[in-house]
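Note that the protein sequences, when read in sequence, are chains A and B.
For the first sequence, the numbering used here begins at 1093 and goes up steadily by one.
For the second sequence, the numbering used here begins at 2 and goes up steadily by one.
In short, the hints are calculated from the structure, not lab data.
Glycine included, each C-beta is placed from N, C-alpha and C at the ideal position.
There could be a bad hint or two in this list.
Which residues of chain B face chain A? A few of them, derived with a C-beta cut under 7 Å, are [stated by the list, open to error]:
1. L19
2. E20
3. R24
4. G30
5. L31
6. R41
7. E52
8. A84
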Amino acid sequence: MNAFASVAPPYNMPATSRGDTLLNDTAEARSRALNQFLASVELKAYKIAQAGLRHQDDALDAVQDAMLQLARAYADRPAAEWKPLFYRILENRIRDMQRRRTVRGRVMAWLPFRRDEEDDDSDPISQAPSQDLPPVARLELDEAMTALDGALAQLPGRQRQAFLLRNLEGLDVAQTAQAMGCSEGSVKTHYFRALQALRLKLGDFEQ
Amino acid sequence: MNASDGGPSQSTLLQSGLEVRSRLVLEAGLSRIDARTRSRLNQARQAAVAEAARGSALMWLHRAFTRQALMPAGAAAAAALLAVFMLSGGHHLTQSVADNPASALDVLDLVTDDDAMNLMEDNDSSFYEWAAAQGDSPGQGAGQGAGNGTGRATT
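Excised from the complex, chain A in its bound form:
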């Protein structure tokens, strides 16, 4: 018994420390992978949130909430599942904020004093484009972006979501269906109708 007890710790200790090292390595690798994934989607996610919310700070809040929620609840899931999960969370967050905004708008409409200073903190220098373009190209791009943003804003939410997830983020039909919480057939329908509507609204946009 004593001999057995004296032998046991040397067998147990290295196994435990090796397991801990493996756990640490796995956690670090997962953190790196999560960082890379979030870096790869953050701009597109912000663009999608902005298209749905039409407000810069709300869009940032939505993306931040979606990132945190993904990290808290789904960081242990396989990395291949992160993208549809992330966009599912983001879409839910956008919808929540749209609902809250609708309620807030109704309440504010009844109040005698109304706050219109939501955009007071806009700083033209900090909001300047990060890359310089030739003036003509910038003008063309500005026009195209304005036209596309306007057309996207007029789309029903599900059509806009299907279009942006498929076209901007590059999700396939199955991933888009997972992100939108609907069937693949619905994704195809929403996407097709979005294309039709955009084509009608943008006219010669594709030339």
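For this one, chain A is given, so just place chain B on it according to the hints.
Only chain B this time, still in chain A's reference frame:
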């Protein structure tokens, strides 16, 4: 055009260049996102990664604590409980069973009786009233038990 089939008409639109052009414009829009927004997105990402690392660390601590501290502590606690049981309560229980083996057999019979189990499942309180009226000793309530036994069968 039928929207639901997603077949030829959709492929016609795919060939139109609308998607290509809109993708180019959208991606160009990404590159024009301002520095303040990029900075805030970066901060949000760092916070999310830190949150995930914190969760991993907590999970690691939980595993390590469970493996290295809780298991020996649990074993010690179980041993202590067993010792307390043997020294106090266990003695009385084993003593009462030793004093009255027939009572213990009655209890065992009640528990293992199929009819009694069915009554318990049917939530029939009359079974419990009948069982309480039987008393602890084998002779007590025997006549009453005969009548109630009939009643139990018909319940």
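The hints, checked one at a time:
Because the closest C-beta pair between L19 of chain B and chain A is about 4 Å apart, less than 7 Å, the hint holds. A distance limit of 7 Å between C-beta atoms decides the matter here; for E20 of chain B the minimum to chain A is near 6 Å, and the interface restraint holds. A hinted interface residue such as R24 of chain B counts as satisfied when its beta carbon comes closer than 7 Å to some beta carbon of chain A; here the least separation is about 5 Å, so the hint holds. For G30 of chain B, the interface hint holds, the least distance from its beta-carbon to any beta-carbon of chain A being 5 Å, beneath 7 Å.
Because the beta carbon of L31 of chain B sits about 5 Å from the nearest beta carbon in chain A, less than 7 Å, this interface hint is met. Evaluation of the R41 of chain B hint against chain A yields a held restraint, the C-beta minimum of about 5 Å falling below 7 Å. Because the closest C-beta pair between E52 of chain B and chain A is about 4 Å apart, less than 7 Å, the hint holds. The criterion of a C-beta within 7 Å of any C-beta in chain A is not met by A84 of chain B, whose closest approach is roughly 21 Å, and the hint is violated.
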